[in-house]
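Undergrad: Chains as they are written, first to last, in this note's numbering: chain A, 1 to 326; chain R, 1 to 468.
Heads up, a few of these hints could be off.
Stated by the list, open to error - Computed cross-link-like contacts, BS3-like style, restricted to lysine-lysine with a CA-CA straight-line distance of at most 25 angstroms: (1) A:LYS130 / R:LYS411; (2) A:LYS261 / A:LYS137; (3) A:LYS130 / R:LYS453.
Said to hold, decoys possible - Reference excerpt, derived from the structure (chain R facing chain A, CB under 10 angstroms, subset only): (4) ILE414; (5) ARG416; (6) GLN419; (7) LEU420; (8) GLY421; (9) ALA426; (10) LEU427; (11) LEU440; (12) THR441; (13) GLU444; (14) ALA445; (15) ASP448; (16) VAL449; (17) GLU452; (18) LEU457.
To be verified - Here are some chain A residues pointing at chain R (derived, C-beta under 10 angstroms): (19) SER29; (20) TYR95; (21) GLN96; (22) VAL138; (23) MET143.
Derived from the structure by calculation, the hints contain no laboratory data.
Here a beta-carbon is modelled for each residue, glycine too, at the ideal position from N, C-alpha and C.
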Amino acid sequence: MKYKAQDIIASGEWTYGPAWPVVGLDIGSRGSKGVLLVNDEVFTAFIPTGLYMQETADELLRRLLEETGLQRSDTAFIVGTGYGRISLKYDDIPYQVVTEISCHAMGAHAVLPGTRTIIDIGGQDSKAIKIDPRTGKVVEFVMNDKCAAGTGRFLEKAAVLLGIELDELGPIALESKDPAPVSSQCVVFAESEMISLRARGERNNDLEARANIAAGVHLSAARRVNNLLGRIGIEPGLAFTGGVSNNPGMWQVLETLLKSKFQVPGIDLIYAGALGAAVYAGRHAAASPKIAAKYHARPFVREKTAAAGPIAANASEVEFDNSLAC
Amino acid sequence: MPPTPARWNSTTASPADRPPDPPAPPRKIQTPKSKLQTTKSTTSTATTSAATASANSAADSATDSATNSAAAAPDILRPEQFSAFIQAEQKALIDALGVRKAAYLCNYTPLELLNAAGVRHARLFKGGSSAQTAAGELFTQSIFCDFTKSCIGGFEQGDPFYKAFDKVYNFHTCATMKRATEVIELFTPTRLLNLPKLRDSGDSRNFFHSEILQFRDDLVELAGRPVTDDAVRAEIIVYNKLRLLLRKFSELRKRANPPLTGRAFLDIARAYYYVEPRKLLPICERLCKHYETLPASPPSPGQRQIRLMVAGSIMADGDRRILDIVENELGARVVIEDHCAGARPFYHTIPETGDPCLALANGYLDQSPCARQRPLSDAIDFSARLAQDYNVDGVLYIFLKFCACYGVSQKDFIARFHQLGLPVLALSNDYSESDRGQLLTRIEAFLDVIREKQTNLATHEHTHTLDA
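So that you can see chain R by itself, here it is in the shape it has in the complex (with noise of 0.2 angstroms):
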């Protein structure tokens, strides 16, 4: 069962949100390789998006180029291979004439209609430079996070990517996103729209309603044309499978020996911002079929990688130095991240039926919430169930620097996470470059508690047993 509680999907019924975790079938092994070599290449039939021709073309060849470089699997685009993909589509939309296009910061805004308003759109989050975090301070304080100034850097900085748009939307999530969204004006147009933080309140239903209809007025006069009902619910229904499949990436590595790592979950995820969904749901989907057919193999005796849970506050496009530390150097497995560039946005569905904005309304408001979202409890029991469901042996609590929402509420997650029984490190981040020995220090101790505790366990269970 997928492990979303009542309250994330309380208004749906949808289909696509129910099929459960297929299991392995048991078979033969077999490697990767030699089931692939059979299969030919379907990749340009891939596209039936309704994006302009020269943004396709260009994106084809791109993704041809990175399927003849893995002449093992011609048909199956690997997860180390997405990068080189998601690059081309960034140049593609760059290089894409004809066409207006919308970007946004915040995973609150309905995708959905961006997509039905024909706009080519993408989300920027990029970070972990200290150069782009540097261009951004020129505006704001010191005590921003580095997340708000890298956004602000990369127009500051003149990224071809984040000069390629029309127009910018943000949500009012907190302060100091507000800010950066003010001074991402002097760049480009902008358009702030506000999120209600009770999202348990009636009021907050109807007020965010009027907002996502002004957001669609918006992309009707950028994109100048209409955007109907049913093309609004032709997008929920591409946007609900593409989570759906997503989320079963993400759920893979709820096996004991985890097939994808945490940074190839994260390559994989980060398409989905920047990838017309019509175009990434078959790559996604040929590829998730590939890693469902490969055979839940246990892990060899000793052999087990410790699982650990990354949460709190976003892990940017590029802010792999912790992530790389964790798994790279120190040979942990991050199995699941509560963040907003995680698995997190692919734990709701939008419902299908009804008045369409109402239902994005609704359905982005319900989505498994951020932590600046009131009540906090919600985000909390999101996040120590994601724990449960991933069997996950401790949780690296990353929040920004001056982040005062997930600074903050760091004390009320690591209690709940502390009940569980799980240990817990805090770390504060940005993206300098000089605290690498620390980092590194703290985490390599904290494997040490997690393996000395699991020790302690298995000694205690072992004498328990020669009791009985």
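Extracted from the complex, chain A is given alone in its bound form (with noise of 0.2 angstroms):
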């Protein structure tokens, strides 16, 4: 996918852009998500994380390149994060790790520049994350303890039981009226209640016990969710990430408990992990004199354009399902 930096900055100004291609890449433990920035533009991509990380971190540097016209010598700088991130190596190219705590909030300051709070929601974790509006950096982070109860992980588990895609799961909870009691927050023990709940149901309103359970599902993640921001406070300036964040049933319940509004970004910020390993994959190049070298002796030239238009569907990415992926 590709959008034109302006249209995804809310401010309007783009000033993290390095003029030669650096890559972020999130490899999570789900989803991987790359970043290609190059002048204004913004590239973005997303496949299944793999069983080898390194071979998936290829694939997604591929298809940036693809995409972008370029070569891969032409990359200046890699950042890698994610839970991949350790166990990648370049050596054609400078490369990186950042912590993906550190690029999410990188990444949704650079979206949303007045973003304070984050809860990110990923396949394995969930954390909130407060952050100084000024830099993008850090200033405080809590995330769950091991267990994946209120993370996708978890619902995921609940789109399988109720025998529905995940990407659907949130537009079903949206249709409940009454949400059913999942108190449980163990996947394991969350799944023997839904089952129950599910014996229950009567034949003719099976629809609407199955809104029901997917309501309940969302909304016992997002107490936790809840809890874990508690700890840390919510200061407005308030934004979703990670793949939970595509799945609205989830953005709803969380805004009823928050009882705040998340900001609306103009990237789907499942990437913004990758989009705060891109820029500071900028800065590392742009702070290398090495690197100012290399172009101003060979500068990049890129092979084609991709089609103009400020966010243009890309057929290979429909086939994943990225609604989880963290």
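Dock the two chains into a complex; use the hints.
TA: Below, the structure written as structure tokens:
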């Protein structure tokens, strides 16, 4: 997917983009995201995380370069983040790792400069991050303990149990008028609670029961996230990032619980981590005289320019369900 | 000045407690290697203990072999050699014949009495292994902390060290540790003693004194020999010296460029629980002197490591996962710990005069408190004080998952650290092996937060200077 930088920056001003191509790769536990910045353009790519992180990262980079019309050797800098950041190696391109907490903060800051508080829900982690709106740096953060309650994994389990696709779960939950009580924080026990709730449902109002269970699951997960946020407090300028931010059911139940509205971004904030990583890559590149010398000696050339337009659809991404990845 | 507030020292006027941190003498830079090569080995004369001959000879040979392996430092047992030394001591304890052996679980156990009774003794606090934890879970519910499970698990697994003891003593500190004692009874005779929780009440003192007397009488029965007041007094003096010395090791880490890592300090501190004090004293004295003669060199510019405090639940012997991530992988330093297997137990001194059992009761009750004791503010004050004295940049508050005490009181601890302007990362810990990546992410991001804060402060100060 290709964006014009000024379209995704709430302030309308892009102060991060380097002239040289830089890449942020966010290798999550479920999905991997890549962002390439060049001039004032932003390219994104998403693929599910494979068994081998390096292969996943290479495939992301390949797609980004292909769409941009650049060579691998044109890449000035890569910053890796996410669960798989440690296992990546690049011999030919300068590479650094930054934690996904810092990257999500920077990514959200770049897109929504007024952001002070971030909720990030991914495939296996949920976090609440307080950031400095002047710099996009993390001031404080809290994360779930290692249990997957309140994360994308929890929602994924619920969708399987209800026999629906994950991206249907949120919209179906929104239909409910009476969320079912799902009290358990544990995925395993919540599953048995849902089985008994489903068993109680009558044949003729099957759809209603399903919506109520879906809504109950969202509420249970949201309460957990709300507790997390309670530990650092909410400051106005709220952003929702990570794969689960694509889920309208979660979006709504969190806004209700928190009694606050999320800011609406101009780009899918599943890419917040990768975008933040790319911003860091840009800074590293800008600080390096060696990289400047390289481009001075041989400016990069784009072989083709991707179709113009602020948000171009890209068919190759549709096959992946990215509503859960972290 | 030792950072012990009056409260924790109120009962003592011991000279042993007074010597301040000796500043490193100004002298020419000398590598430890060149200094040590000139000194002869005196290891074998170090042992003057009353322990049995067989145990001594086994332990001595272990010391010798450990020393020989470090040809560069013949008379000094270096921190990285402590593990092998302790392992040999543990084996010697298992093999020792003709001596009664007693184990204890909790730091509120007066070691002075165990030693005065002439029993071989050691603390059972191995942890960090998921197999040991799982073995303990045969007896507990899942919501016991992994340390409690490990205490039981060592017995269930038939660990020869755990099986070596004639009796296990424990103090009733929290409900789960009390239950653990009851389960251990299935394997080894145990004695549960009571620890009053309200440390500022006079009744608590009287009651604890009577518990200490019962502990002594039980030991007399176990050892089959009397425990005289003079013997107890002598042990108090020895243990005071040892605690002071271990505190000095810890305080070496107050230097801007600490000569000891957090891991090395814990390696040394472990010996307190496994090695006979009269054997350990000279070993620690030599090592301490060695460190004190090293010049306190400032870190080279840009090389300053982030200084962290670890506070919270016990970091069991073997639970080094978080420490490895912090120090080895991310290059920060743990300069002080406020938990009962770190520096905390060395911040108290027992009165050396008067009725020795009363002195033990008061001294142990007055020690830097476990957060299970009330008022909680004492524990928080102590923790805050350590954080300031050691000039830390941030605090890792690590509590064992399901710990009702350190888990719930984290809010109060964290609030105090925040008041001091210290960033805190709370981590719930257990002995599983699957969450390494998650821990790494959290700690790495926490170090980023600290660095960012320091950068902001530096920029601010710079601006301030320019304005002025």
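Undergrad: Run every hint past the structure and note whether it holds.
TA: Structure-based check of all given hints:
1. A threshold of 25 angstroms between alpha carbons decides the hint, and for LYS130 of chain A with LYS411 of chain R the separation of about 18 angstroms falls inside it, so the pair holds.
2. With a C-alpha separation of about 22 angstroms, the suggested pairing of LYS261 of chain A with LYS137 of chain A holds against the 25 angstroms cut-off.
3. For the proposed pair LYS130 of chain A and LYS453 of chain R, the alpha carbon gap of about 13 angstroms is at most 25 angstroms, so the pair holds.
4. Interface restraint check for ILE414 of chain R: the shortest CB-CB distance to chain A comes to about 9 angstroms, inside 10 angstroms, so the restraint holds.
5. Contact between ARG416 of chain R and chain A, as hinted, is not supported at the beta carbon level, the nearest pair being about 15 angstroms apart and thus beyond 10 angstroms.
6. Given hint, GLN419 of chain R at the interface with chain A, is violated; its Cβ is 14 angstroms from that chain's nearest Cβ, farther than 10 angstroms.
7. With its C-beta approaching chain A no nearer than about 15 angstroms, LEU420 of chain R sits outside the 10 angstroms limit, and its interface hint is violated.
8. A cut of 10 angstroms between beta carbons decides the hint on GLY421 of chain R: the least distance to chain A is about 12 angstroms, and the hint is violated.
9. About 8 angstroms separates the beta-carbon of ALA426 of chain R from the nearest beta-carbon of chain A, less than 10 angstroms, and the hint is met.
10. Look at LEU427 of chain R: its Cβ gets to within about 8 angstroms of chain A, closer than 10 angstroms, so that hint holds up.
11. Annotation: interface hint on LEU440 of chain R holds; nearest CB of chain A at approximately 7 angstroms, less than 10 angstroms.
12. A hinted interface residue such as THR441 of chain R counts as satisfied when its beta carbon comes closer than 10 angstroms to some beta carbon of chain A; here the least separation is about 5 angstroms, so the hint holds.
13. Hint on GLU444 of chain R holds. Least Cβ distance to chain A is approximately 5 angstroms, under the 10 angstroms limit.
14. Residue-level restraint check for ALA445 of chain R holds (minimum Cβ-Cβ distance to chain A is 4 angstroms; threshold 10 angstroms).
15. Contact between ASP448 of chain R and chain A, as hinted, is supported at the beta carbon level, the nearest pair being about 5 angstroms apart and thus within 10 angstroms.
16. For VAL449 of chain R, the interface hint holds, the least distance from its beta-carbon to any beta-carbon of chain A being 5 angstroms, beneath 10 angstroms.
17. About 5 angstroms separates the beta-carbon of GLU452 of chain R from the nearest beta-carbon of chain A, less than 10 angstroms, and the hint is met.
18. Annotation: interface hint on LEU457 of chain R violated; nearest CB of chain A at approximately 13 angstroms, more than 10 angstroms.
19. Contact between SER29 of chain A and chain R, as hinted, is supported at the beta carbon level, the nearest pair being about 9 angstroms apart and thus within 10 angstroms.
20. At a threshold of 10 angstroms, the smallest CB-CB gap from TYR95 of chain A to chain R is about 16 angstroms, leaving the interface hint violated.
21. Nearest Cβ of chain R to the Cβ of GLN96 of chain A: about 12 angstroms, over the 10 angstroms cut. The hint is violated.
22. Interface restraint check: VAL138 of chain A against chain R, minimum CB-CB distance 5 angstroms, threshold 10 angstroms, status holds.
23. Among the interface hints, the one on MET143 of chain A holds; its C-beta lies about 6 angstroms from the nearest C-beta in chain R, closer than the 10 angstroms criterion.
The structure shown violates the earlier hints numbered 5, 6, 7, 8, 18, 20, 21.
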